[in-house]
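Chains as they are written, first to last, in the working numbering: chain A, 1 to 394; chain B, 1 to 294.
Hints are computed from structural coordinates only; laboratory data are not their basis.
Where hints are given, some of them may not hold.
Cross-link-like lysine-lysine pairs, in silico, DSBU-like; alpha carbons within 30 Å at most [what the hints assert, rightly or not]: (1) B/50 to B/12; (2) A/214 to B/12; (3) A/62 to B/276; (4) A/214 to A/259; (5) B/288 to A/251; (6) A/251 to B/50; (7) A/2 to B/290; (8) B/288 to A/62; (9) B/290 to A/193; (10) A/216 to A/261; (11) B/220 to A/193; (12) A/2 to B/267; (13) B/191 to A/2; (14) B/50 to A/252; (15) B/254 to B/226; (16) A/214 to A/251; (17) B/284 to A/2; (18) A/216 to A/251; (19) A/252 to B/251; (20) B/50 to B/188; (21) B/191 to B/226; (22) B/145 to B/12; (23) B/50 to A/214; (24) B/13 to A/214; (25) B/284 to A/17; (26) B/220 to B/251; (27) B/288 to A/17.
Pulled a few chain B residues facing chain A out of the computed Cβ check, cut under 8 Å [claimed, not checked]: (28) 16; (29) 22; (30) 72; (31) 89; (32) 114.
Cβ coordinates follow ideal geometry from the N, Cα and C atoms, glycine included.
The residues making up each chain are set out below.
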Amino acid sequence: MKYERDPERIRRVLGDKVQFIQGDLALTYGGILAGCSFFGGYPITPASEVAEGMARLLPRVKGTFIQMEDEIGSIAAVIGAAWSGAKAMTATSGPGFSLMMENYGYAIMTETPCVIANVQRTGPSTGQPTLGAQGDMMQVRWGSHGDMEALALAPSTVQECIDMTIEAFNLSEKYRHPACVMADGEIGHLREKVVIPDEEEMTLVERVPATIEKEKFIPFTNSQTRDSKVPDFPTFGTGYRTYVTGLTHNKKGFPATDKQKDHEELITRIVTKISDDRERLTSIEEIEMDDAEIAFVTYGASARPAESAVAMARKNGIRAGMLRLKLVWPFPRRAVNELSKKVNTIIVPEMNLGQIVHPIREYSDAGCDVIRASKVGGEMHLPHELYRYLEEKK
Amino acid sequence: MTEMIDAEQLRKKYLRDGMLPTIFCNGCGHGNAIDYTFWAIEELGLDMDKVAFASGIGCSSRIPGYINADGLHTTHGRALAFATGIKAANPELHVIVFTGDGDCAGIGGNHFIHAARRNIDMTVLLLNNFIYGMTGGQLAPTAPKGSIATTSPYGNIEEAFNICELAKALGAAYVARWPISYPYQPIKSIKEGIQNRGFALIELMSPCPTAYGRRNKLGKIESLWKWYEDNTILIEEYERIMDYGTEEERKNVKGMFQIGVFQNVKKAGFFEEYDKLVQRLIEKDDAKFKGGSK
Numbered sequence: 001m002k003y004e005r006d007p008e009r010i011r012r013v014l015g016d017k018v019q020f021i022q023g024d025l026a027l028t029y030g031g032i033l034a035g036c037s038f039f040g041g042y043p044i045t046p047a048s049e050v051a052e053g054m055a056r057l058l059p060r061v062k063g064t065f066i067q068m069e070d071e072i073g074s075i076a077a078v079i080g081a082a083w084s085g086a087k088a089m090t091a092t093s094g095p096g097f098s099l100m101m102e103n104y105g106y107a108i109m110t111e112t113p114c115v116i117a118n119v120q121r122t123g124p125s126t127g128q129p130t131l132g133a134q135g136d137m138m139q140v141r142w143g144s145h146g147d148m149e150a151l152a153l154a155p156s157t158v159q160e161c162i163d164m165t166i167e168a169f170n171l172s173e174k175y176r177h178p179a180c181v182m183a184d185g186e187i188g189h190l191r192e193k194v195v196i197p198d199e200e201e202m203t204l205v206e207r208v209p210a211t212i213e214k215e216k217f218i219p220f221t222n223s224q225t226r227d228s229k230v231p232d233f234p235t236f237g238t239g240y241r242t243y244v245t246g247l248t249h250n251k252k253g254f255p256a257t258d259k260q261k262d263h264e265e266l267i268t269r270i271v272t273k274i275s276d277d278r279e280r281l282t283s284i285e286e287i288e289m290d291d292a293e294i295a296f297v298t299y300g301a302s303a304r305p306a307e308s309a310v311a312m313a314r315k316n317g318i319r320a321g322m323l324r325l326k327l328v329w330p331f332p333r334r335a336v337n338e339l340s341k342k343v344n345t346i347i348v349p350e351m352n353l354g355q356i357v358h359p360i361r362e363y364s365d366a367g368c369d370v371i372r373a374s375k376v377g378g379e380m381h382l383p384h385e386l387y388r389y390l391e392e393k394k
Numbered sequence: 001m002t003e004m005i006d007a008e009q010l011r012k013k014y015l016r017d018g019m020l021p022t023i024f025c026n027g028c029g030h031g032n033a034i035d036y037t038f039w040a041i042e043e044l045g046l047d048m049d050k051v052a053f054a055s056g057i058g059c060s061s062r063i064p065g066y067i068n069a070d071g072l073h074t075t076h077g078r079a080l081a082f083a084t085g086i087k088a089a090n091p092e093l094h095v096i097v098f099t100g101d102g103d104c105a106g107i108g109g110n111h112f113i114h115a116a117r118r119n120i121d122m123t124v125l126l127l128n129n130f131i132y133g134m135t136g137g138q139l140a141p142t143a144p145k146g147s148i149a150t151t152s153p154y155g156n157i158e159e160a161f162n163i164c165e166l167a168k169a170l171g172a173a174y175v176a177r178w179p180i181s182y183p184y185q186p187i188k189s190i191k192e193g194i195q196n197r198g199f200a201l202i203e204l205m206s207p208c209p210t211a212y213g214r215r216n217k218l219g220k221i222e223s224l225w226k227w228y229e230d231n232t233i234l235i236e237e238y239e240r241i242m243d244y245g246t247e248e249e250r251k252n253v254k255g256m257f258q259i260g261v262f263q264n265v266k267k268a269g270f271f272e273e274y275d276k277l278v279q280r281l282i283e284k285d286d287a288k289f290k291g292g293s294k
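Produce the entire structure from the sequences given, and follow the hints as far as they go.
This is the structure in structure tokens:
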């Protein structure tokens with residue numbers, strides 16, 4: 001059966017406009033709203049509920065759900081479905097994300113749009129399966145061998161699990177690149193109120209299909225119809241007869257494994273098609289930043305206690321603020337650099353021993369002190385724990 | 001059936017421009033597999049715009065590059081999982097996978113098991129040459145006991161993987177094995193595999209003179225190709241000898257590779273079943289909606 005996005009049916013299947021649901025299900029909702037028509041997944045805590053939601057809802061909007069044999073197969077099937085024209089998605093957590101890395105790189109190399117929801121936990125290895133952490137913030141950026149860019153959003157609320165999954169599909173379709181929603185076990189299992197967006201409240205982006213004459217079509221180069229480094233998409237079955245390979249390939253898609261120039265040209269294009277748009281893509285939220293002298297830079301679940309700590313500080317006369325990264329990768333260099341010129345100290349609360357603190361240091365002014373506020377072991381920071389950093393460093 | 005064409009026209013019609021020569025060595029059997037696939041497609045009269053190829057990594061996995069059609073050359077061992085997605089999102093497509101013994105029976109074994117078990121509608125051409133040829137001749141899981149490879153320099157001590165027997169046990173709709181030196185039977189099997197609505201495995205025994213034959217003293221190309229004739233036996237003949245043959249006849253055929261069609265059944269593939277499920281849910285939802293409740 002061929003899928004066609006049917007907004008009315010989707011809304012009917014999702015139910016009430018206002019609901020009280022958990023983050024994992026919200027990731028499912030976001031996918032279904034975006035027009036996801038294929039989901040391949042494998043059970044893993046704390047992300048299994050995304051697949052469970054898809055298994056329940058996707059057939060009812062005429063999409064396809066398959067529980068694959070492992071995470072490698074899940075992302076593989078997702079990429080295959082994308083080449084047949086589907087908006088396709090999978091969901092996983094730490095160990096599964098590690099297993100996906102080879103095919104994540106394949107999606108990058110072959111410029112395949114797809115979405116991975118990662119409800120993060122800690123590691124290395126099996127770690128603490130039932131507890132949340134921010135274990136994969138660097139893996140999503142650097143996990144594949146070779147050179148790459150990344151598109152990664154980090155939701156701090158259940159509502160954002162819906163909104164950012166839609167946004168991830170939009171980014172992935174626009175750039176023909178895998179996009180990741182980097183939730184975590186805390187947000188994934190948190191229950192909150194959500195408001196399901198109406199059709200006119202959403203912007204949905206679709207990949208640009210190849211339309212030019214078949215003989216003139218060049219599949220792996222700048223678009224031939226627009227001013228863009230992202231080529232038009234020759235969906236399988238539409239007669240463009242495209243050869244897609246993870247090997248270094250020339251513009252025609254043919255293997256060019258021993259050609260230095262072809263490799264350089266290809267990799268430069270697939271990295272800069274995203275990094276060129278870094279500032280345009282930057283998506284941040286600022287809280288109490290107007291007169292701040294000290295600030296948290298946060299993302300995901302840890303933004304919640306940080307926001308409370310800022311409120312406590314303000315009550316006590318400490319000029320604290322917060323910058324929240326909604327899109328973590330590509331890294332918002334300018335926003336962080338400007339912040340570092342404004343405040344004396346940046347504190348980075350993370351549920352790991354320090355991952356995003358590194359690019360923050362890299363792009364901060366030398367005069368600004370960048371401090372790690374790590375907490376590991378499966379517990380979130382408490383507001384007063386973070387407040388203590390503000391008090392010490394004010 | 002379309003009008004008869006000759007071999008030259010066949011190549012012109014189906015080969016991708018600008019990709020030749022192939023990477024295959026002299027005496028390799030893989031080129032024949034391309035030829036047989038072309039004949040099967042030609043005889044079935046398939047529209048090449050509606051055929052998608054997938055492959056993993058290895059010599060045989062390079063084949064989709066040589067075919068003028070959509071082709072997904074993927075990662076090592078994962079072709080069947082990619083192919084599952086290709087078929088899922090566009091059931092109109094005929095999905096044909098080229099894979100090797102290392103790719104499919106080694107690193108990709110788990111995907112193979114589950115694609116066969118789910119009875120995903122695809123045609124898998126497994127080119128078994130007993131060796132990891134592209135990486136220089138390491139031991140493959142299908143290599144007969146005693147085989148010499150760079151990673152079994154003193155002879156292979158493992159049992160060989162009989163991939164057709166496994167596929168049969170998993171209930172794959174179509175399972176066949178042929179030496180690549182027999183042209184007609186593979187073409188017929190590829191056609192039958194494409195026409196079957198479930199999972200079809202066609203194992204083609206393909207000689208690798210460079211990495212396997214040479215090390216295992218199977219002689220020059222000609223004698224290596226002949227080895228397959230001397231060491232294979234039709235399934236029916238094997239069974240007849242096992243039932244009614246003399247002790248000596250039975251001993252002689254015991255170590256031979258059985259060839260022929262192991263299984264050919266008609267049963268609904270995964271996506272046919274899935275469509276029924278969707279139909280059932282949609283009808284239920286629509287009835288409920290018309291009934292006025294949410």
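Are residue 284 of chain B and residue 2 of chain A close enough, with their CA atoms no more than 30 Å apart? Cα-Cα ~19 Å, so holds.
Quick check on residue 16 of chain B please, does its C-beta sit within 8 Å of some C-beta on chain A? holds, 7 Å
Is the hint on residue 114 of chain B kept, meaning its closest Cβ partner in chain A is under 8 Å away? holds, 4 Å
CA of residue 214 of chain A to CA of residue 12 of chain B, is that 30 Å or under? OK: residue 214 of chain A and residue 12 of chain B at ~18 Å, within 30 Å.
Just to be careful, I want the Cα atoms of residue 214 of chain A and residue 259 of chain A compared with a cutoff of 30 Å; is the pair within it? Since the Cα atoms of residue 214 of chain A and residue 259 of chain A sit roughly 26 Å apart, the hinted pair holds (cutoff 30 Å).
Does residue 193 of chain A lie within 30 Å of residue 290 of chain B when you go C-alpha to C-alpha? Distance of about 29 Å is within 30 Å: holds.
Hint check: residue 145 of chain B vs residue 12 of chain B, CA-CA at most 30 Å. Holds or violated? This hinted pair is violated, its Cα atoms lying about 41 Å apart.
Does the alpha-carbon distance linking residue 216 of chain A and residue 251 of chain A stay inside the 30 Å limit? Satisfied, since the Cα-Cα distance of roughly 12 Å is no more than 30 Å.
Between residue 50 of chain B and residue 214 of chain A, is the straight-line Cα distance small enough, at 30 Å or below? Given that 30 Å is the threshold and the Cα spacing comes to 15 Å, the pair holds.
Within a Cα-Cα threshold of 30 Å, do residue 191 of chain B and residue 226 of chain B meet the stated pairing? holds, 26 Å
Is the Cα-Cα distance between residue 50 of chain B and residue 188 of chain B 30 Å or less? holds, 20 Å
Hint check: residue 220 of chain B vs residue 193 of chain A, CA-CA at most 30 Å. Holds or violated? Judged against 30 Å, a Cα distance of about 74 Å means the pair is violated.
Hints 5, 11, 19, 22 and 29 from the earlier list are contradicted by this structure; the remaining hints agree with it.
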